[in-house]
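Undergrad: Sequence:
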Amino acid sequence: MSARLRARARRREHDYTLDDLRPFLVKPEQERLKSLEHKLETPEALAEAIGEVLPQAAVASQKRGEELSSAMQPLMLSSIHETVRKNPELFADAIFPSIGPAVRKAARAALEGLLQRVDDMVQQTMTLESLRWRIEAARTGRPFVEVVMLHNLAYRVEHVFLVHRESGLVLQHVAAENVAAEDPDQVSAMLAAIDDFARDAFREEKEAGLSRFCVGGLTGVVEHGPRAMLVAIVRGVATKDVEASLAETLEQIHRTYAAPLEQFKGDVATFEPTRDALVGCMREERIQKPKSRRRGTLALAAIAVLALVGAGIGWKVVHDRNARFDAYLEALGEEPGLTVTRTGRDGGRRFVEGLGDPLAQDPAALLAPHGLRASDVELRFKPVYSLDPPLTERRAFQVLRPPPDVSLRLAGGTLVAAGVAERAWIDRARLLATSLPGVTALDDTRLFEAEAITSARAAAATLEGLQISFPPGSASPLLAERARLDAAARAVQALLDAAPRGGLSARIEIVGHADATGTPEKYQHLSEERASSVAAELDARGVASDRLSVRGVGEADLAARKVTFHVRLSPASEGS
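My numbering numbers the first residue of the sequence shown as 510 and each following residue consecutively.
To be clear, the hints were calculated from the coordinates, so they are not data collected in a lab.
Accuracy of the hints is not assured; some may be wrong.
What the hints assert, rightly or not - Restraint ranges, calculated between C-beta atoms of paired labels, are given here: (1) Gln907 to Thr551: 35 to 45 Å; (2) Asp936 to Gln907: 18 to 28 Å; (3) Thr1028 to Ala970: 35 to 45 Å; (4) Leu941 to Leu975: 40 to 50 Å; (5) Gly857 to Met585: 23 to 33 Å.
Computed from a predicted structure; not experimentally measured.
Don't be surprised by glycine CBs; every beta carbon is placed ideally from N, CA and C.
Using the sequences and the accompanying hints, generate a full structural model.
TA: Written out as structure tokens, the structure reads:
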């Protein structure tokens, strides 16, 4: 062996294969894949990896919009609610500094008003006087409350007006509770007109003015000052205390607002603080009537009767309210996609907690049909995807948006699609259907392509337009007909491929024809042989012969020496 051959042999002993080099080429990637697989399959490692990027992810999400805040809001509200439920003392301590005084003040005012109304009612009910007053109210057309007021009040100041004397404009006005407010400017204009008429008619000095006037059961008391005047409208007989109060208040206003009154240009906002002083002029004095033992007995009887009536009315109201609420809960339970998890009272108000599908009926819309208001019930429903078949079908229509010729229905978790649609929509439905909640599979066996129907009809028209010619007395087609036979094979194959995808069944018939040479039995046999010959030619070109039928027309058609094609397309459900 030569030295050159020995050197070549030694080199071959040290040749390396791909298996020898693989560890050096892919080892780093394999180690990284193992590290990634360890992080994904180990909960502790996955949590640590997510914890490293979670703050940055939250900041990036906040910059893009409010999606993260909206997604976290239900969780935060649920956490706060659970914390308050488990530790109500913590919530009470937090709101105690502000809620305590407000509650005490409101309760005290409500209790005082209630006691006053009860006292008035007891004093005025089930007595001969109250009967007379009711007759008087019916006779005069006045409200009963107004008649009671006329007989029980010595007087009451119902309105106080602060009027600028030079311009006649009302600077401030206050009215008693439950008294209809009059137009202050209209009252001021009336007073100015009466005042000017009195001075002009009786030649009084300018400093003099109207001091008192009466209209029905109302008396107007006017107190004049250098720059302004106070007008009090009094129901009943006003005492000197009213005049003294007006005079004292008007002097105080002149001392405090001397410059604004002198420089008044129409801006009444400056005199808004005078309202408190005017409220101090609102006085009331009741007629004190002696009480008798008989009246006390009647009062006690009235209280007892009212208590019984109130208890009965209260029980009826509570019973009806509970019945309406129970009917409302029953209606919620019958609605697809709504689940009630808890009900109760919170702060004296009923609440309903549950889960609701976004496509389900709005729980608030069911309140009114059951005689409830939104203020009566607090609804706490959290969003959830329901698996109820009606909602699943509705969600499928909403997401897939099928064309008009396609129907969707749910059958045991399988979404059944039927009809004709474009191929693009069918592919999209196959991709999205099983991702919908409640849908486990898609049945598209009765879903057909619109493009396939068009293709099948075009292929059928092409095939029926072809004719294969034969020599006289021969069952073999002319050599020049090979191109037509190739075209016929392509049309038949296209038709057989497209028809099933379009939900159609195709029947292809090869019809042989012969001329009138010979006996009827001869050209009948010849026409059949010609049809069979074309079928064989198509079979040789890849068309399955079992999909074709042949027929010779014999003496039924003496048109020419040829073979034609007849195609019948029908829905696949009708069979072949």
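Undergrad: All hints are to be evaluated individually against the structure, with a verdict given for each.
TA: Comparing the hints with the structure gives:
In this structure the hint that Gln907 and Thr551 lie 35 to 45 Å apart at CB holds, the actual value being about 40 Å. The beta-carbon spacing between Asp936 and Gln907, approximately 19 Å, falls within the hinted interval of 18 to 28 Å. Between Thr1028 and Ala970 the Cβ separation comes to about 36 Å, which falls inside the hinted range of 35 to 45 Å. Taking 40 to 50 Å as the suggested C-beta distance range, the pair Leu941 and Leu975 conforms, at roughly 43 Å.
Range check, Gly857 to Met585: Cβ separation about 26 Å, and the 23 to 33 Å hint holds.
Of the numbered hints listed earlier, not one is contradicted by the structure.
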